[in-house]
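Novice: Residue-level listing of the chains:
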Amino acid sequence: MKKTVISVVGKDKVGIIFQVCKYLAGNQINILDIAQTIVEDWFNMIMIVNIENSNKDFATIASELKQIGDEINVNITLQQDEIFNMMHRL
Amino acid sequence: MININEVMETNAMIREENLDVRTITMGISLLDCITDDLKTTCDKVYNKITTSAKDLVKVGKELEMEFGIPIVNKRISLTPIAMIGSACCKSSADYVEIAKTLDEAAKTVGVNFIGGYSALVSKGMTQYDEMLIRSIPEALNVTQYVCSSVNVGSTKTGINMDAVKLIGEIVKESAELTADRDCIGPAKFVVFCNAPDDNPFMAGAFHGVTEADRIINVGVSGPGVVKRALEAVRGENFEVLCETIKKTAFKVTRVGQLVAKEASKRLGVPFGIIDLSLAPTPAVGDSVGEILEEIGLEYAGAPGTTAALALLNDQVKKGGVMASSYVGGLSGAFIPVSEDQRMIDAASCGALTLEKLEAMTCVCSVGLDMIAIPGDTKATTISGIIADEMAIGMVNQKTTAVRIIPAVGKKAGEVLNFGGLLGYAPIMKVNEYSCDAFINRGGRIPAPIHSFKN
Chain A
1 MKKTVISVVG KDKVGIIFQV CKYLAGNQIN ILDIAQTIVE DWFNMIMIVN
51 IENSNKDFAT IASELKQIGD EINVNITLQQ DEIFNMMHRL
Chain B
1001 MININEVMET NAMIREENLD VRTITMGISL LDCITDDLKT TCDKVYNKIT
1051 TSAKDLVKVG KELEMEFGIP IVNKRISLTP IAMIGSACCK SSADYVEIAK
1101 TLDEAAKTVG VNFIGGYSAL VSKGMTQYDE MLIRSIPEAL NVTQYVCSSV
1151 NVGSTKTGIN MDAVKLIGEI VKESAELTAD RDCIGPAKFV VFCNAPDDNP
1201 FMAGAFHGVT EADRIINVGV SGPGVVKRAL EAVRGENFEV LCETIKKTAF
1251 KVTRVGQLVA KEASKRLGVP FGIIDLSLAP TPAVGDSVGE ILEEIGLEYA
1301 GAPGTTAALA LLNDQVKKGG VMASSYVGGL SGAFIPVSED QRMIDAASCG
1351 ALTLEKLEAM TCVCSVGLDM IAIPGDTKAT TISGIIADEM AIGMVNQKTT
1401 AVRIIPAVGK KAGEVLNFGG LLGYAPIMKV NEYSCDAFIN RGGRIPAPIH
1451 SFKN
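Chains as they are written, first to last, in the working numbering: chain A, 1 to 90; chain B, 1001 to 1454.
Just so you know, the hints here were simulated from the structure itself, not pulled from any lab data.
One or more of the hints may lead you astray.
[Said to hold, decoys possible] For each label pair, taking beta carbons as the anchor points, the in silico distance ranges come out as: (1) B:ASP1055 <-> A:LYS2: 15 to 23 angstroms; (2) B:LYS1156 <-> A:ALA59: 43 to 51 angstroms; (3) A:ALA59 <-> B:ALA1283: 24 to 32 angstroms; (4) B:GLU1016 <-> A:ILE38: 16 to 24 angstroms; (5) A:ALA59 <-> B:ASN1005: 24 to 32 angstroms; (6) A:ASP70 <-> B:GLU1231: 27 to 35 angstroms.
Treat the numbers as computed from the prediction; the structure is a model and nothing was measured.
We treat Cβ as the ideally placed atom computed from N, Cα and C, and that holds for glycine.
Produce the complete structure using the sequences and hints provided.
Specialist: Set out below in structure tokens:
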């Protein structure tokens, strides 16, 4: 299974996780793992997801998530997980 | 499973420390395009390039999006054109026609540079090599994307001093022809000793005859990442310093390896090498000069600079070599003056001189790179500077190069501005004592004794 990492970074506020999860659920994207931390009011979250069952492709999901991020004033990016595995795992 | 800190670290490197893949370069062999008719050769060259590299830019952009890492340049390197044109070119003007074809092909596929307008003359020049070399000023004048290089020496063959003399004149002529565009001509030309066949970086990339039909080579970057990592170990001893550079270089190179393998798979072209490089840009925080300062120098060029650069270069290689299955190209720290803000500052305030740069090139990859000199510098003096640099490469069994720009109508202390990735260069003072009689001797310098290893 190809895993994809969603990173959300921005000023903390109510409803960030809700907005992202609403989109994922609506597009058949399964969440495999979530971690989040808040550093000095800055909200950092990563989600590891499986987008294989979604009827949207990577580019579309990336662009729609970015749009949601713009609306709620946080930065949302989508990346294949290989970049992290390559950099941090032998 | 990966954890949040690892994701945050990687993304901070990309967002805040300018981590990027500097170039995906597709090497393309043009040996099957050789014919005895100029028009037919040009057509075959155009078709081979535009067919082979038609998806290069598209795949580069896909990878950028999917991994979230900028891939700054997509480029092409070619079999040295002196060879490709040898059966059909009757004059330098004929070679310029091939250069125009390369420019058109580059424009069609959307790459930002195409390299390989080159000749390999380390022992001797054929008449075709000489025609190509003499065509370089005009070829760089009438094209936008074409980059040119000439290999004039090697540890195995010695230095072709006839070629060195000719190149001094060519560099001057190229600057004069492009004087109305800040002498951009010689910024797209580099002269080598021990030129590698698989270098992905411009201006010196060409696709050596030892290579496969097509190949993907990748150049990584990341001076900003190394600088940030070193900030965390300020004041620690050399062991800690070196370990930090090594670990950081490993991480940076792994990203290059991932991109190279994936680009190779999607393009159906074999993976060649990763060039383990610290390649700066004029952007703040993307500077090798800044790393040297972080290591403990007030400015690049201060006493200690050569030692600091030597350890930096060595640790980059040690970290990178394990991160990639194949390494090659130039591999090491680049010290181009105009493309590195802190090197520009060091040269401007007088901390960094041409002679100190020459010493630094003994211990890092490449050589005197993107250096502007006064426009009235004599051709023989330029040849003398080239000969010195070639000798360093020849004797130390390493690649050295010179990319030097005579700033027509300008004097030491003034500035030459190329813009974009090439940046701007303070014009450096050149030793004005003559080497005319040395350069005018003609012939070649024999290979050094330690080249005879058989």
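Novice: Honestly, which of those hints from before does the structure not fit?
Specialist: Of the numbered hints given earlier, the structure breaks none, since each of them holds.
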